[in-house]
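*Asks:* For the protein sequence lines, the chains are B and X, in the order given. All residue numbers for the first sequence refer to the numbering used here, where the first residue is 5 and numbers rise by one. All residue numbers for the second sequence refer to the numbering used here, where the first residue is 5 and numbers rise by one.
These are computed hints drawn from the structure, not numbers from a lab. Please note: incorrect hints may appear among the correct ones.
Any copy, or any two copies together, can satisfy a pair, since identical chains are not distinguished.
Unchecked claim - Here are the computed lysine-lysine pairs in the DSBU-like style, where the Cα-Cα straight-line distance is at most 35 angstroms:
#1 211 / 166
#2 44 / 211
#3 231 / 211
#4 231 / 166
Number of protein chains: 2
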Amino acid sequence: MSSAVQAERIGFIGLGIMGQSMAGHILAAGYEVHVFSRTKEKAEALLEAGAVWHDTPASLARVCTIVITMVGYPHDVEAVYLGDDGLVPNMAPGGLVIDMTTSQPALARRIHAQAAERGIAALDAPVSGGDVGARNATLAIMVGGDEAAYLRALPLFQVMGKSIALLGGAGAGQHTKMVNQIVIAGTIVGVAEALSYGAHAGLDLEKVLGVIGGGAAGGFQLNVLGKRMSEGDFAPGFFVHHFLKDMGIAASEAEAMGLDLRGLQTALHQFGRFAEQGGRECGTQGIFTLYQQQGQGAGPSADGDE
Amino acid sequence: MSSAVQAERIGFIGLGIMGQSMAGHILAAGYEVHVFSRTKEKAEALLEAGAVWHDTPASLARVCTIVITMVGYPHDVEAVYLGDDGLVPNMAPGGLVIDMTTSQPALARRIHAQAAERGIAALDAPVSGGDVGARNATLAIMVGGDEAAYLRALPLFQVMGKSIALLGGAGAGQHTKMVNQIVIAGTIVGVAEALSYGAHAGLDLEKVLGVIGGGAAGGFQLNVLGKRMSEGDFAPGFFVHHFLKDMGIAASEAEAMGLDLRGLQTALHQFGRFAEQGGRECGTQGIFTLYQQQGQGAGPSADGDE
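Can you build the whole structure from these sequences, using the hints too?
*Replies:* Have a look at this one:
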């Protein structure tokens, strides 16, 4: 790593399961790291490892040259970037902000435009690969924005991820993440319906997965999440409430494009029903139980209403 | 291969793209092979290689100890097995019949029962892996029936396939194939909707596939058929009209089990619309064009009404 790169002072906002791992990799790579999170306890391990705590995004923004955010919902992104106490009004010109939250493409473009007015570069860079990908630094990172900003951020992306690409201008990273989530929406519903069918037909799901997992139905959703369904393991993984957020963004973007995506609508409907039944805090594979109830009356193994 | 195994005289009925490759592997393994197909031209290469032609299933059944069928629709299966000129009335007791067509579980059980009355063993053994899997002898073979019959057939399955399993009694092979097809139904719709979204959002689909193909959305449908969508290659592969048959069987079995599979119904509806627009002879990845029309008015690249 060159000393020029390590001269960047990195801010990291949002220290959930993903953010903690990602900020940890940046710290381990020798960067000066400043952190803020709504819950200070989540920063403890990072602070022990040398990160610097800030009480507000504004305070963090004033001392950092690059700030990365990994928060929850688009309204969180909007507050952290555009609020009075947020990044865009408080960061020095010449800075770079990178939102790695899965959020709205239109909001990414708005942040890019408002940041540019203050001489700040902005990238949207949502990720795929989950907690395991974050921990192992094998995330896929889908980036939208200007090439100069992308090249400046690339050394940071490389300590967090494996498959990294600039897909286009502001918002293109978020759009690519939506493509990813629409594939997953159809697939996870297909896997859940298929395995529920198999269970109702009296098949041994472990044997079924063994024979079909290597064929044309195979992939991460069947081979990893299908296996968890067959074992009754509905722990997250990827939270149902986050998946609902993502599908909601995709559906509203699709509608704005005049696209009628029936498969996505079906997945949104089914996951909405599952959430109403207490599945919000389950992993997405918990949707299996929605189908299994039709024969057996079994509910999800985890419930909660965040 | 033991001489006891090769002492079996094999009949093969149905010489489409799949059947020709599969019968060819059996012939190449040193078995005596007898063939029948509705179109004699399709047998030519096999006859040149030493297979023996028959003008009717009955004539073939009388000289064979094991008969394999790979035909089109359940009504073809029923005629070949249970018709006056079919296998069950004309084969000698002690024989074994193996239906590798994707067909109805209930029909498989009916054939099993009627064959048993005449002292004939029956297996249902549909496959996954398509033309490529048939050619390379890498099919997944999902078997239902009695264990003794399975063990007798296993050497034949091993010259045609790679992943082979006995899943249960008569019909269990067909049920397992339905599990496979329900996964694919959800997944291919998800892939088509996602890539159409990406295209409408102005993304470079090749780049998108490069970054998301190795993640949680990845699998055969995205990585192989998604790539064909992005290239505008809608040739079969797996015919839309065969997929509609399979999904129709799955939907009616699910209904009989009291299962409400909304994702499967959505896929059936979308593929039905695509077929009405001339997509029956396309590969399943052609469903992409149904979505692309919403923005561009482009029709499928192949049409036909078999």
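*Asks:* State for each hint whether it applies.
*Replies:* So, going through the hints one by one against the coordinates:
no. : hint      : in the structure
1   : 211 / 166 : both (33 angstroms within a copy, 15 angstroms between copies)
2   : 44 / 211  : neither (46 angstroms within a copy, 38 angstroms between copies)
3   : 231 / 211 : both (11 angstroms within a copy, 30 angstroms between copies)
4   : 231 / 166 : both (25 angstroms within a copy, 21 angstroms between copies)
In this structure, the one hint that does not hold is number 2.
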